[in-house]
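The hints should help you fit chain S onto chain U, whose structure is shown.
Each protein sequence line maps, in turn, to chains U and S.
Taking this note's numbering, the leading residue of the first sequence gets 1, the next gets one more, and so forth.
Taking this note's numbering, the leading residue of the second sequence gets 1, the next gets one more, and so forth.
Don't read these hints as lab results, they were simulated from the structure.
Keep in mind the model is a prediction, meaning the values are calculated, not measured.
Glycine included, C-beta positions come from ideal geometry on N, C-alpha and C.
One thing to keep in mind: the hints can contain errors.
To be verified - Restraint ranges, calculated between C-beta atoms of paired labels, are given here: (1) D78/S / T5/U: 46 to 56 Å; (2) G174/S / D24/U: 26 to 36 Å; (3) A105/U / P205/S: 50 to 60 Å; (4) A31/S / D130/U: 52 to 62 Å; (5) L279/U / T128/S: 31 to 41 Å.
Said to hold, decoys possible - Over the 10 Å line for every Cβ pair with chain U, so calculated as not near, a few chain S residues: (6) P5; (7) G19; (8) D23; (9) G77; (10) D78; (11) G85; (12) E178; (13) A219; (14) H246; (15) R248; (16) G250; (17) E276.
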Amino acid sequence: MVASTSKSLLRRLADEIASLLRDDPRRVIVGEDVRDGGMLGLTRAAREDEALAARLLGGPLTPAAAIAHATGLALAGRRPLVILPSASALIEGFAALRELGRISASAGGERSSAVVILAPTGPGFGLGGDGAESPEDLVAGLPGLRVLALGEAREAPALLRAAAGFDAGEQPTVVFLPRTLLLRELADEDVPSGSFPRALGAARRVREGDDATIFAWGAGVALAEAAVDQSGHACAIIDLSGLAPLDADALAAAAARTGKLVIVHPGQRNAIAAEVAALLADRAILHLDAPILRVGGADGPLPYSAEANALPTVEAIAAAIAEVATY
Amino acid sequence: MEQSPWDPEGVAVGLDPEGHLGDAARPLVDALEPRALYKRLVAARLLDHRLGRVGLPMWAPAAGEEAVSVAVALLLGDGEWIYPGLRDLAIAPMLGMDLDELARQVLGLPGERGPALYNGRPGAISATDLGVAHAPEPLGLHLALAAGQAHAHKLAGGGKASAVIFGEGLTTTGLFHESVALTAAGDLPLVLICKSQLWPEGAPPEAGLFGDSVAERMAACGLWTRRADGADVIGVYTALEQAFTHARDGRGPAFVEVVVTPLYNPDVPAHRDPVERLRRFLDHEGLWTPAFEEALEREILGQLDRAFAYARGAAPEEPR
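In isolation and in its complexed conformation, chain U is listed as follows (with noise of 0.2 Å):
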């Protein structure tokens, strides 16, 4: 009987980088320190590999540069895969995003954009600030780009894999990685081979419930099964997984099925969360049994001892399930 190996999270998608290079010899990775591993060690597998490490790209510590030097390879043909130590990274760097969108809209779209951006997102990291921070919304709100949460740890690889091969379509996509998650333990078997198991971008059904059903993406999924586990009702919850575009077909007529709806969200407003509960007054009005009701965190900056605090309560979330559950 073979041992069962346990990896961490961020191992594993080192691995998967790896593998990504030597698939496709277009692909190369931008982004602070990847000749070094990189500041989440995400390319320390690829630099292992001397036939590799020419594609490994150091650059100037800008996202801004960073991002358009991506947009630039790309442009020529490249697939480049952008590692930014935060999401943070991409509100610094916004204008160089914007631009990366645009790419598909511009000169006829006839130049090509692949470029697909890794953040780090939300508390997880014990570092306060920018760390804690979800800039999800801000960048879901931009033209042009595929916005992508990670809602299962261990779905990372193969949402990696399925992003980096544009199987939705060649887009520029952002891949928002919780921190949460990052920092798990996976054991080989808790890990499914083989590909990304639905389509990219499409929404996720965690949990089925009549009680009321639960919208959450990337942190918000593990803490919205807690609090419906905590709450002894029956929810469905629905990781949307995909943020822009929104799985919209799917996310109304998971609303439909209960009329109860909560959405969760990090921080104290957002567009997303906005979005998602205007989608369903629209799309699921005469199904709806009670308000739609949304959960979020504090706003920031919050001091790094604090910054769970960004990320709403399990008992604020159950208590907002009870609300619905019995209204």
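Chain S in isolation, oriented as in the chain U frame:
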């Protein structure tokens, strides 16, 4: 002739202000065919005049800057890209874009060739088959895109280089410094072409002037640099040819500062005009007559008017 305050120092002279050619430049000028070169400069000037009548928002004239467009179009090779600014539109027709298509894109209109294109700023054009990139709206972003393009050349190893054109006002931006750092750190085959002015009447804060010469600043950053006089098309061509050779040979980025003089200022002496300076040379050589000039201008203006009328769907105007 006395040096005017618009004449740059530290440049290698091809054509002097009176249009006299140094002996060393003679073979180059013969190879470039001086009348053909002159036609290109005049065409770029007349295109600028024509664009001035289009009514583009935020449009600024490029008269006086034509030598850069002409030299880049001559030097750019197959598979190489130019990331131009908005005042370098003349490059595309010189690379082969037909004027109907240019007019259609400048006007932002749909046409037989397809829907209206977003090319970044109003009036910008692009042509993927010719290696002409669009003009991103965020200031300086095209430098970093061009750096990525150059990085792809380096990875491919085919000895190609790409180029980017910008004004000196951009040299204070973060993206300028980031892009310079990126190209220098990666030894990327990129030719950075900065059009600067001398501001004898005082530079506005927007010019971002640190001392007199952007080239000196970039030399201090460790870059290969040249400074050229934008009124001297031979000097500009020579500096840019050296820069392309440097970049294509794998010796890293090359930075060329081209000192241009906006011609709308009535105090500017005639020799600051690259068209006039080459005209003087042709005149000395017996290659220029008023009749030649008149025929040339009539031909080009007629082509431009027909192209813009056609793009607008109107009946072609009568040639002037």
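Tested hints:
no.: 1; hint: D78/S / T5/U: 46 to 56 Å; verdict: holds, 51 Å
no.: 2; hint: G174/S / D24/U: 26 to 36 Å; verdict: holds, 32 Å
no.: 3; hint: A105/U / P205/S: 50 to 60 Å; verdict: violated, 34 Å
no.: 4; hint: A31/S / D130/U: 52 to 62 Å; verdict: holds, 57 Å
no.: 5; hint: L279/U / T128/S: 31 to 41 Å; verdict: holds, 37 Å
no.: 6; hint: P5; verdict: holds, 36 Å
no.: 7; hint: G19; verdict: holds, 39 Å
no.: 8; hint: D23; verdict: holds, 41 Å
no.: 9; hint: G77; verdict: holds, 15 Å
no.: 10; hint: D78; verdict: holds, 14 Å
no.: 11; hint: G85; verdict: holds, 15 Å
no.: 12; hint: E178; verdict: violated, 4 Å
no.: 13; hint: A219; verdict: holds, 20 Å
no.: 14; hint: H246; verdict: holds, 20 Å
no.: 15; hint: R248; verdict: holds, 16 Å
no.: 16; hint: G250; verdict: holds, 14 Å
no.: 17; hint: E276; verdict: holds, 35 Å
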